[in-house]
Structures are given as C-alpha cells and as structure tokens.
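K.L.:
Okay, here's what each chain looks like letter by letter:
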Amino acid sequence: PQTVAQERVEILNVSYDPTREFYREYNALFAEHWLEEADQQVNVRQSHGGSGSQGRAVLDGLDADVVTLALGYDVDALRQRELIPDDWQSRLPNNSSPYTSTIVIVVREGNPKNIQDWDDLVRDDVEVITPNPKTSGGARWNYLALWGYGLDKFDGDEERTFEFVRQVYDNVPVLDPAARGATNTFVQRRLGDAFIAWENEAILSVEELGRGEYEIIVPSLSILAEPPVTVVDANVERKGTREVAEAYLEFLYTDEAQHLAAKHFYRPSDPTILAEYTDLFPELDLFTVDEVFESWQNAQETHFNDGGVFDRILEEIN
Amino acid sequence: MSDKLAKRVGLSSVTVAQAHPRQGPAPLWRRATEEPAWVRVALIGTALTFLALFLMLPLAVVLYSAFERGLGVWYSAITEPDALAAIRLTLLVVAIVVPLNTLFGIAAAWAIAKFEFRGKPILISLIDMPFAISPVVVGLIFVILFGSQGWLGPWLSAYDLRIIFAVPGIVIVIAFGTLPFIARELIPLMQQQGKEEEEASLTLGASGWKTFWHVTLPNIKWGLIYGIILCNARAMGEFGAVAVVSGRIRGETNTMPLHIEVLYNEYMFTAAFAVSSLLTGLALVTIAIKSVVEWQEERRQKLAEA
Amino acid sequence: MAGVAASRGRVIPGFGLTMGFTLLYLGLVFLVPVGAFLLYTTTLSWETFWNAVTHRQVIASYKLSFGSSLIAATINLVFGALVAWVLVRYRFPGKKLVDALVDLPFALPTAVAGIALVTLYASTGWVGQYLDVFGIRVAYTQLGVIVALTYIGLPFVVRTVQPVLEDLDAEWEEASASLGAGRLTTLRRVILPALLPALLTGYALAFARALGEYGSVVFISGNLPFRTEITPLLIVARAEQYDYQGAAAIGTVMLVAAFLMLLVINGLQWWTSRRYG
Amino acid sequence: MSIEIDHVNKHFRDFIAVDNVSLTFREGELTALLGPSGSGKTTLLRIIAGLEQPDTGRIRFHGEDTTELHVSQRGVGFVFQHYALFKHMTVFQNVAYGLTVRPRRTRPGKAEIRDKVMRLLELVQLDWTAHRYPHQLSGGQRQRIALARALAVEPKVLLLDEPFGALDAKVRAELRRWLRRLHDEIHVTSVFVTHDQEEALEVSDRVVVMNKGKVEQDGSPEEVYDNPANPFVYQFLGNVNRFRAGIHAGEARIGDIRLPAPEFHDRRNESGLAYVRPHEIEVYAEAVASDTLPARIELISVVGPTVRLELRTDAADDLVHAELPKHRFHALGLTQGNDAWIRPVQSRVFLPDSQVSNG
Amino acid sequence: MSIEIDHVNKHFRDFIAVDNVSLTFREGELTALLGPSGSGKTTLLRIIAGLEQPDTGRIRFHGEDTTELHVSQRGVGFVFQHYALFKHMTVFQNVAYGLTVRPRRTRPGKAEIRDKVMRLLELVQLDWTAHRYPHQLSGGQRQRIALARALAVEPKVLLLDEPFGALDAKVRAELRRWLRRLHDEIHVTSVFVTHDQEEALEVSDRVVVMNKGKVEQDGSPEEVYDNPANPFVYQFLGNVNRFRAGIHAGEARIGDIRLPAPEFHDRRNESGLAYVRPHEIEVYAEAVASDTLPARIELISVVGPTVRLELRTDAADDLVHAELPKHRFHALGLTQGNDAWIRPVQSRVFLPDSQVSNG
Ligand SMILES: Nc1ncnc2c1ncn2[C@@H]1O[C@H](COP(=O)(O)OP(=O)(O)OP(=O)(O)O)[C@@H](O)[C@H]1O
Ligand SMILES: Nc1ncnc2c1ncn2[C@@H]1O[C@H](COP(=O)(O)OP(=O)(O)OP(=O)(O)O)[C@@H](O)[C@H]1O
Ligand SMILES: [Mg+2]
Ligand SMILES: [Mg+2]
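Chains as they are written, first to last, in our numbering: chain A, 4 to 321; chain B, 10 to 315; chain C, 1191 to 1467; chain D, 2 to 360; chain E, 2 to 360.
Think of the hints as simulated: they come from the structure by calculation, not from any bench. Glycine residues also receive a C-beta, built at the ideal position from the N, C-alpha and C atoms. Mixed in with the good hints there might be a few duds.
[Said to hold, decoys possible] Among chain B residues calculated to face chain A with C-beta under 10 Å, some are: (1) L165; (2) S166; (3) N274; (4) W304.
Could you put together the complete structure from these sequences and hints?
P.N.:
As structure tokens, this is what we get:
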C-alpha cells in the first residue's frame, strides 16, 4: 500500500496544441515520480491552444506555473513583462528545450507530384498547405525553415530568398490560423499536394490519420525547432509552487521523459537517446534560429511584425 | 354606375366598359389571397431546397458523423472525463447566466412596458446591442478590462481575484452575448398586453408582488419560456468570446464548444461530433419544447376565439 | 437617461426596483465594459489608430467582411422572406418541423456549424463534390464565407418577417384585388411595403450578426490575407501578436459599424411609424 | 347592374354559414343586409364580391354568370369594415390605386388619374386630405376615403361590410345620412351589411333580414318593420313585449283586451303570443276602461323627450316596456312603484311554434 | 361614501387632460360622466381610483383626503372598458381574486370566499359560468363578471369606464337597464363614463358633461337635457337644428315666429341662434298659419315608428332635421322634393359668442 501523501499540490502547464498527447502521459509519469521523491501528490493542469494565444493568456493573467510553448519568442514576451528573468533560457540545458523537432514536408501516397525538397514547392503545379505565421507559432518555424534554406541556396542573397519564399506562399490556397487546422485541411479536406509540418506532427498524421496515405519527405536542409520550457517565476512565487514546477521541468531531461518524447515523435535533446531512434528521425542538416536569424526577437521583428518581410510577401502576392 | 357620376368623374362609358375586360373562357375561381397552384409549388420547392442546403444538411452531417461508428463510441466520447467536465462547466455557466438574464429580461420588460420615461427608445436600443457585437470583440473587451495588463488587472490580482481564465470570466462573456434574448422576447409581449390587468389587480387590493405572481407571470409564461430556451441554447453554444477568455485549462475552463474544438484538433472527429450532437440534441429538444409551447399557445388562442 | 428619476406617484409599483436592476445589470455586463473598451481606444494616438484601421490588409478584410455580410444578408432577405411566406401562407407536409428547424442556427454552436458546413461544401464534401464538377468551389473561397454567414443569419429575417406576415390583414390583399390588381401587383405595391420595416430589421440584424461572426467562418474560409480573411480573424490575429492596440482599434471600427447599423434600423422604424402610423 | 344570387350555399367545416340563399338586388337600389352576428351577412357579401367561393349555386351580374370570375375581374367596389386603407400610401395614392394598377393599355394618363381622384375626393368632401396618410384621419374620414377608393374604378356594384360599424354613435348617424345622399346621387347598385336595425331602416331602399344563414324576410324598410314575417324579424327590428294571448276568430285576447288578428280568422280558442312594441302600449294612471291590464311601475327613465317604463303585469312573463312622450307621462303624475294600467293598442300575433329564437 | 374632487388638474406633456375640475359625487348616487372622446373622462375616473396622480388638487372620500393613498388601499371597485379580466383564471377565480390576495390575517376562509363569490355570481346572474374561462363568455357576460369582481371586495365606490362601450347596440341597451336595477339594489356610490348621451340620460341619477378637460354642466338628466347650460351641452345631448334668430325683449324671432326666451328679457334687437331639437319642429303640408317657414323636403327616412325629414329652409344655414310619428307624417301626404312648412315650437337661444364648438 502506498504512503498517503501529506499534501496535494497543483500546477498549471500552459502549452501549445500538439503536445497534448505527450504531456498527458508525462504528467502521470511525473506525478508518480514526485510522490516518491517529495511524498506529495501533484496534479498538473493542462492548457493547450495556439502558442501565441497561450502566451498572450499567460501575459493577461492565466496563472501558469510553467509554460511549454512552441517558440522562444512567445516565452520571451513573458520576459518583457517581467514575469520571468532575462536569463530564463539558460536556466535549463539545451537552451531550455528538452525536446526538439524539425520541419519536414508531407506529401500524398506515392508522391504524385514528385516533391523532393523545398525547391519543388515553388512549382506552379504544387499546392502547399501551411498555417499562417502571424497566428500560428508552428507556422513561423515553417517560414523560417524556408527562409534559411533560401539563404543557404542563394548564398545569402536576401532578394532571391525573398522571391523564393514568396513563390512558395503564392502556392498556398488556405492559410489556417493554427497548425492543427492546417493538418485537417490537408488530411480531412484533401486539399494541397504538399504540407509543411513539424516532424512530430507529420509522423503523427501519417501514423494516426492514414497509414499509407501519406509520405514524409525529409528536405536536405531544415531548421532545428526548439520549443522552450520555463517556470513562470512571478506566478510560482505567488503560489509557492516553485519547487515542484522546477522539478517538473527538470524531470523532462531524464531518460524516462526523453524516451516518452521520442514516443510522441519529438527528438530527444539527449544525443544518446536520440541515436536510438535513427529510423524514426533521419539525419539531416539542421540550423538553429540563432545561427541564421541571431535571435527570436530579431526574427520576429524582421519577418513577422506588422510591416515585416512576411507582410511584404503577402502584399506582393496580392 | 349612373351617367351622372360618370359625368362627374369624367370618364366616358367606353372606358367604363374597358375597365374590366373579359376575354376568352372564364378563368377558374381563385381566392384573392392565393397564387395559382404552380406558383405555390414552385415557391415551396425553392424554399425547401434552400432550407435543405443550409439547415438540414449541416444537421445531418453532425448527426451522421456522431453516430458513424456506433452508439458505443458515441457514448464513451461523451462520458470521457474531460467531456464530462466540459458538460458540467457548461451547465454551471448556464445555471448562473440564464437565471440572471431571466431576471434582467423580466425587470427590463416590466420597466419598459409598464412605465413611461424619457430615453425609452435608447434603452431598448442598448438592450439590442449585444446582438450586433462580434463575439471576438466581446472577448477582447473583457481581456482589456480584466487582463493582468488591463485596467482592473492589477487591482484584481492584488486581491487575488480571478475573473478571466476562470469561471467568472466565462460567465460574464456569455451573459454579455445572451443578454438580449429574454428581454427581446418579453418587451414586445408585455407592451402589447398593456397594463390594464395589473391595474385591475391593484384596484382589487393586491400588492405589487402578488400582482406580478398572479397576473403578470401567467400572462408572459410562454414568451418567457421561449426566451429562456433560446437564451439557454445560445449560452451553451457560445464559442468565439469564450475562446478568448477561457484559458482553455483542460477539464476546468473548457466549455462544450471549446471541448469540441479540442477534440477536433486532436483528430478525434467522431468524439467531436458526438459532443456536438449533444448540443444539437439540445437544440432539437429546444425546438421541440418551443413547438409544444407554440402549439399550446395556438390552442389557447383557438379556444379563446371559439 | 434623465427621465429615469421616478416621478411622483407611479401607480404600478416596482419602477425603481426593475429600472434599477435593469440599469445595474446592463451597466455591469454591457455598458461599463464597452465604455471602458472605447475609452481604451481613445488612449491610442490618432495615428496609431488610423494606421491600424487603414492597413491594406485590414481594408481588404473590411471589403470581404462587409461585402460577404451584405451578400449573405441579401440572400437571407430574399430567401428568408420566401421561407417566411411559405411557412405562413402555405400548407405542406413537414411544415411544423421545417418551421421549428429555422431556429437551429441560433442553437447550434458556431464552431460546430463551421465544421459541418466545411464537411458539406469542401470539394470532397457531400455537396461540394458535385459542385466541383461544375468548377464551383465553395470552401476556402469567398463563397464559403458567404455560405457560413448565410447560415448564421437565416433565422433573423424569417423570425422578424413571420409574425408581421401572420398579422398582415387579408383585407389589404382583398382590397387590392377588388380594385383590379393582379397578384404580382398586390405583392409589389401592398404586401412588400407592409413587410418593409420587418424586412429591414431582419436584414440589419442578419448583417450585423454576419459582420461579427467568427466561429463558423474560420473553418470554411481559406483565411488568406487580402483574399479570404475576415475582419474578426484579423482582430484575433492582432491580439495573438500581443498587439492589443491594433486589435482594439479594429474592434472599435466593428463596434461602431454595428452600432450605426442598429441606429439606422431604429431610425428607419421610427420614421416609418411616424409616417404611416 | 342587378345582382342575382341563385341557391347559394356555403359552409365552413361543419358550420353552414349561408344556407340556400336566393335573392335579387335590383339595379340602382341600396339594399341593407341585416342580421345578428354570425348570421352569414359578411359571408354572403364576400361571395358576391368573389372573395369567397360558394359551395353550390350561382352569382349573376346583370344576367351574366360570374361565379367563377376572379375578384379582380368582377368590377365590384368593396368597402371593408375596418377600411383596409393602404397605410403606406397617401390618401391620393389610395384612391388612385385602382387606376394605377391597370394594365398599361387601359390605364388612364397621369393627368387624367389626378383629375379623377381629385373629383372623387371632392365628392366625399375630403379633397383637402389628399396628401395625408390614413393614420392622420379620423375614423369617419377614413371610411369616406375607403368609399372613394372603391368608387374610383367605377364599379358596377358597391358592397359595404358594416361601413359604420367601427364609428362613434354620432359620426355614424351623420355618415349614414351622407351615404344615403351619395347613393341618391350616383345610383350604383349597392349592398351594405349591418346589424343595427335603425341603420338598415333609415338608409336603405330595401332590407334583407338574415338569421343563421337563411333569409328571413326581404322587403322595403316599412314592409319589414310593419309586417315582420315571423317573430324573429319582429324582435330583431326593435324592443318588443310578449303577452300571452288567446286566439279566437280573428281576434287576439290579452286579458279583456281584444286586438284584431285577421290572419287567424279561422282559428278557435287557441293560445298564442301577442307581440307589442313599447310605443304601442298606452299607460293610464287609473283603470279608465274595463279592458286595461293592471300593472306596477318598476322603473322610470327619462331619455330626452321620451319616458321609458318597465312594468310588471300578470299578462306577460317578462317585464313590459312602454314608451311615451315626456309631457304625456308627466300629465299622468305617476312615480316609481305606483300602480298603473296598460293597454296594448296594436299587436302582431304568432303561434307558439314560431317562437322567437334567442337571436 | 361621497367623493369630492377639489380643483383637480392633470396634464400629459403639454396637453391638459383635466382642467381645474371640482365636483362632488353624492353618497349612493349613480353619476354619468359624459363627454366626447378625449374630453378627459377616463383620466378623471382614473384619478379618482388612484390610477393616475393629479398634478394639483385633492380627492376626498367622505371628507377624508385620499389623494396620496395608493390605489390598492383606496377601496374602489374599477370596471375597465375592455374588462381586463384575468385570462388565465376561471370566472370563479377572477371574482375571488380580490379576496384571496388579502394578507392572511384579514383573508376570509375558503368556504366564506366560496359563498361570497357564488352569491355575487348569482347577483349578476352568471353563477353557471363559474368554471369557465373569460374567453368562453360573450362580451356582455364578461362585462358582468368584471362587475362582480369589482364588487367582491365591497368597494366604497364603484367606477366604471365605458362599461358598455365594447358591446353591440342590443346587448348594450339590455345591460344598461340591468346596471340601473343593480345599482338600485346595492346603492353604492357609482360613477360611470360614457360618450353616449342616451346611455347617460337613461341610466344615471346625475349627469356630468365634460369637454376639453372642463366640466360643462352638472345636474340631473332632465335638467341637463331640458336646460343645457351652453350650446355645447345642447348639441352634445342630441341632434339639433340652428336657426338664425333675432332677440328682442325676452323673445326670439325666427322669421315671423316668436318663441319665448325670457332669459333675454332685457335685450333689444340683438341677433342670436335658436337651437331646436328635431321633435320640436312641426311640419305642415300647407302654410296653415302666417308664422311658418317655407322649406323643401330633401330626404325622408322612415325609421320604425318615426319619420325623419331633412329640409332646406332659408332661416337656417344647414339642413333642418325634423322628426315626427309615422302616422302623423302619412296624414300629411308629403313626399321627397315637396314643399313643406315648418314651425319650431320650442327653442333655446344662445348669443353667437357662446357658439357651439366643433365637439
Ligand atoms: N373563414 C371562415 N372559417 C370558418 N368559419 C367562418 C369563416 N368565415 C365565417 N365563418 C363563420 O361563419 C359564420 C357566419 O359568418 P359571417 O362573418 O358571415 O357573419 P356575419 O353575419 O357577418 O356576422 P358579424 O355581424 O359578426 O360580422 C360565423 O359563425 C363565422 O364564425
Ligand atoms: N397616458 C397618457 N399619456 C399622454 N396622453 C394621455 C394619456 N392618457 C390620456 N391622454 C390624453 O388625454 C386626453 C384625455 O384622455 P381621456 O382618456 O381621459 O379621454 P376620454 O374622455 O376618456 O376619451 P375616450 O372617450 O376617447 O376614452 C386625450 O387627448 C388623451 O390623448
Ligand atoms: Mg360580418
Ligand atoms: Mg376613455
């Protein structure tokens, strides 16, 4: 018989849409761990939504103990409001990203349009599905992957890169507000020939939604998506939950949790564990945001803010 | 018509004859308020086609998709803990909002129908307004007001009061969105009924409360029920505004429409439609009750005329 | 409302109580928040406000939103009037059921409606696949937006016209017929003018509701900026980007548009009742 | 244009509204359709207009069968009880309506319509209201506009459904005289419905009394008043007293009073009911003659120049109403509660089987 | 219980509905408030009941100031024009209502209420309708139930707003006699509003004539009819003819006709208007005397026992209406269009400055 817990503690993890399945299992795992370690029952409440709107909700007072969002920019917004310290990203290993992913292309069975790499997405006969980078965090990774590939291909020529990305977005018939909506558009509505997605989403949709109906095309070069996690200091201070919240995030880096991430198709940040899943996660050249765009702040300001590059692309298309 | 008038009115008898030309065989008699049969059939056909495309097919989609994989799947979808939590929350919100809006509707209708005061049209217009405001804007309004960066945010957090991302926020946006329903139903009804019966009750020595209970309430009963039903349905189905202020905490601040979106985004389409079918079922029950209500009313009317 | 102060000796009791509660509730739930919101907008500089609401993309979304809402409301005007007419004037099997179903868009959550509509009208959908044969694409085009807006606005016209039509005295039509008018002439010159105030109200309500609709539209519109992106979605997008000022500015435009719409209807109604008694 | 109604029947569900009615309305006459509520007057009028279809029977206008003709082709002017003026049109537009809706080739020119409408408005003495809307007019004025509108299309037949039903007593009395004069001027065949016997008697050339869907009597106002065909008509045309009477050899006997009843000259010792109008009863303060009936004054009311009495007597089951000029009554010196003697001076006798129904 | 109205004023926005009215209604009397539409009758009645608050002035019941008393405390019975019966209650429940809503300590027991209600229903002769709903009754029956309901609380004062306004002429005539008898039985101070002068004259002990918010005259029915205070009252109480008249030394002269006008005995050679009722005009087929006025018969209508004539004569601006019994008219042998001679036998003269307004 188990020891009766002395206290109960609740924490709220505000996350983004595709991590639902992963955190459901992880929360159970952590609760077990915490009971053993601290003799305390922990109840992790989950909130999922678009990464941006989740970040906004925390800013507006959703009392998250930890946030596990899709991109550093959304977390960084909390810093600007002094909910977390400036050095938040260095508090945990690997830029505070316990798991990573990358951006790949999903095509229909047999790859009828013969899409091999990003280049093929500019072809006139290809319809591309990707969500709107303005509203979807995931979509910003998609965009940055394209941009990084362009820079690489055109040797840093911004003009030609712009033209390349513009051509891709010109092939987009539907710009869903969120990543999951885009998946539904591609899968349920059978719209588009190529679907730009996170690797974990891509594998999931191939596995869950139509085994054998889709294929994943791994491009030659892509971006290393690093969804960051952090404790929301202002909230844990107020609620007195810092201890458990920090433990919650640290536990993400344990072997157990890393395996669980892989099970949900996220690339474990621990290279040795990642190596165990090579058939699931093929090797490819990856660049990070900081490498190409200096920082998320910078990428956001240049590309996604009002009047940024993406707005120019939209204006040129129309 | 006599020549005398024809002269006075100034038309020759030739035009008089032309006024009602009769050519060919006499047409079949038709009621003055009726169209020829083929027009009737065409109009009914057009209307039904339109309704089929816009009303019945969506309904069919929801029901079909909900039961596509059998009753078992449907049942487990709606008894899954998160779904149950969403249902509970929705019921809780409705249990708060509907009585409040009912009180408001009755009070507003009473004040407007039984009294004269300046600015009455303005008040009626104001009550109409929430109909026209985008749910998204409603959500935004409350975030700006109660969010921690909002005007009342610091004050609220100083007292550790949670409004948005908690049940009160959901209650308030739904109350906002469904504010006019009952009032709109009652105001014209009570205006039309006037105040004679109330005055009669007062002359007979009854107090205000007794007058309300014994005279007014029975008279507005059916309109009130219909208003409550519609308000209830709208409150349960509100999505846009709730999405902005709910915080989407699983099992806690997800109402049924939000839960449906969650399920849909988790690729659990059947489950999403199963929960939708509950709301649809509610809509259908609503409609059934409303029909009964109207039928009752009609019968009363008939009896009254008899 | 200066006249609210209770004048001496109202005979029916409860004015203070009911008016007090009405104003309190209306104030708490509606007036104060909306007032605060408008006040918030006034804290923006004129330039910020003007730039936010005249951004090219926003203008494009106005065109789509107002245009589609107008078209949808117009469709509802025509078909809603037709449905009301058929429901009031004719007898056919299933009439009660059809009548009851008209309220469905009020009751069904908008998101569910959006999903159901896209299931129907996507080019792989129940209806869409047949339309696709003729090259008509509904989902992810402006047509899709119009379909969704038509769906949600349908009850307004039907439910405002229906009671008026029911109350419309047969004597007017009979008078018209006895004066030699044909059915079409009677419709045009007697029935339509009598229905006009109700039609206008229904039209305006359907329009105002369509303008603000979000839940059902995002599923069926392609959400492409400049092309199929509605204004409420832009408001959401602005908010997601932590740009509350922009969101509030556009929101204010929508709010004012809706208010104006209601003002116009009430004005028109006041005018017609003045004129025709 | 004469109107012939030939064995017309009409029922609503299981209710017979018009029961085998045959009537002829003569050219240029003003006929009143008189009857209690629900007697089928409106239904009959609407059948003539073509607003209802008879179940069986024919309608002929000037000999020509119009039963199947649509209302818009019949050329009838119909004036509705509640006027049915078009609210959104001015008075001018209302009156002009029938002309402006004609097909182009028979439609008069603008100026012609204008002239004609203005002349009609003058006819009803309301030309100064041309630019008003109906709601700006009084009830009586609306009624006259409705009439002008009906006349604008030069109908062959004018049908009026309780034309003054919705008006005040005073306006009503004025308008009905006005209608009479108007009719004398334009002489179009007219039928009007009323349930007010005074109106029917005062205005019309001819009165048709209906009850329960049937025609009870059809004749000139005087004929109908003086020689009611049956107790129903008698009672319907005014206040009436019923005395128990013995019938014997052409005489009715109420107590010792003998009144002539020549139509019963061959009856002996039967019992019947004598119908007597209030003003046909003489009242005495003393038993001036042997053949007066003793009575007791229960109520006196002075209504302008007339005094109305209610008296109780053994010869009648109900209170007896008597009416006499005020000066005559004052000469009698009677007050409430006094004994008095009464004598019917005239009566109409019916056998009990033709009893008055509760119309 | 007497009712005293003391300098009461009431306006709605800028419209003066009741204009400085002072009146006393005496204990046990049945008073009629008579006046044209909009003259403020209903408003005055509602002020008495406490349903409206006067702007200034006091209301006293039996000397006690009740102006500030709430309607539910005044103990008045109010009968509304459209009855205002509670639709969802049976007749029994309607009548019992006033008793069942009393606070517990003064509320009679169930059985007592039952008895009382049934007695009242018997009084209005409708005990057999106890379990019906109002919509199952005819208008006249509803009216009587409304009365029973008002009486159930044993009001000190009974107020009736056009109690018969919504009824058929026939039912109306019956009910008003019934009301008179009922009042004689229960003798509660009663005020009823009407705009029908016949109703006022026939039913009431006293008539108050109102116009434009003011009391024009206040007196017994005969007083008001025989001695109208001014042209308005004269005209309002019945059809009237106006002749141009010269006034000289207590006489009015219409042509050569001299009629007494003693109230003007000190006037010389002034001109005025002589008001004459139709039945006060004698009609001759020949100029039997020198002082008859020549006229022309424009319209004859026979209404039951009476004949109404419209005549044109130089002595009056409008058509002159005359009324005479049918047998007298027939004896004259006149027909439409004939010349005739008329003579007013009685008149009331007013100076032109007290002209009849267009009431
Ligand atoms: N459309 C209808 N459907 C069913 N019953 C009807 C209809 N029209 C008339 N009736 C019935 O037919 C009977 C005669 O009606 P009608 O209107 O002709 O009477 P009326 O003599 O004009 O009475 P009133 O004086 O009340 O107008 C009434 O009992 C009425 O209820
Ligand atoms: N609540 C009110 N608001 C404004 N004006 C009113 C109100 N009640 C009555 N009036 C006005 O006061 C005047 C007198 O009205 P009142 O109802 O007393 O007349 P009335 O003599 O009863 O007339 P009727 O015979 O038409 O019932 C009318 O001109 C009416 O328009
Ligand atoms: Mg009728
Ligand atoms: Mg009144």
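K.L.:
Are any of the numbered hints broken by this structure? If so, which, sorted upward?
P.N.:
Hint check: 4 fails alone, others pass.
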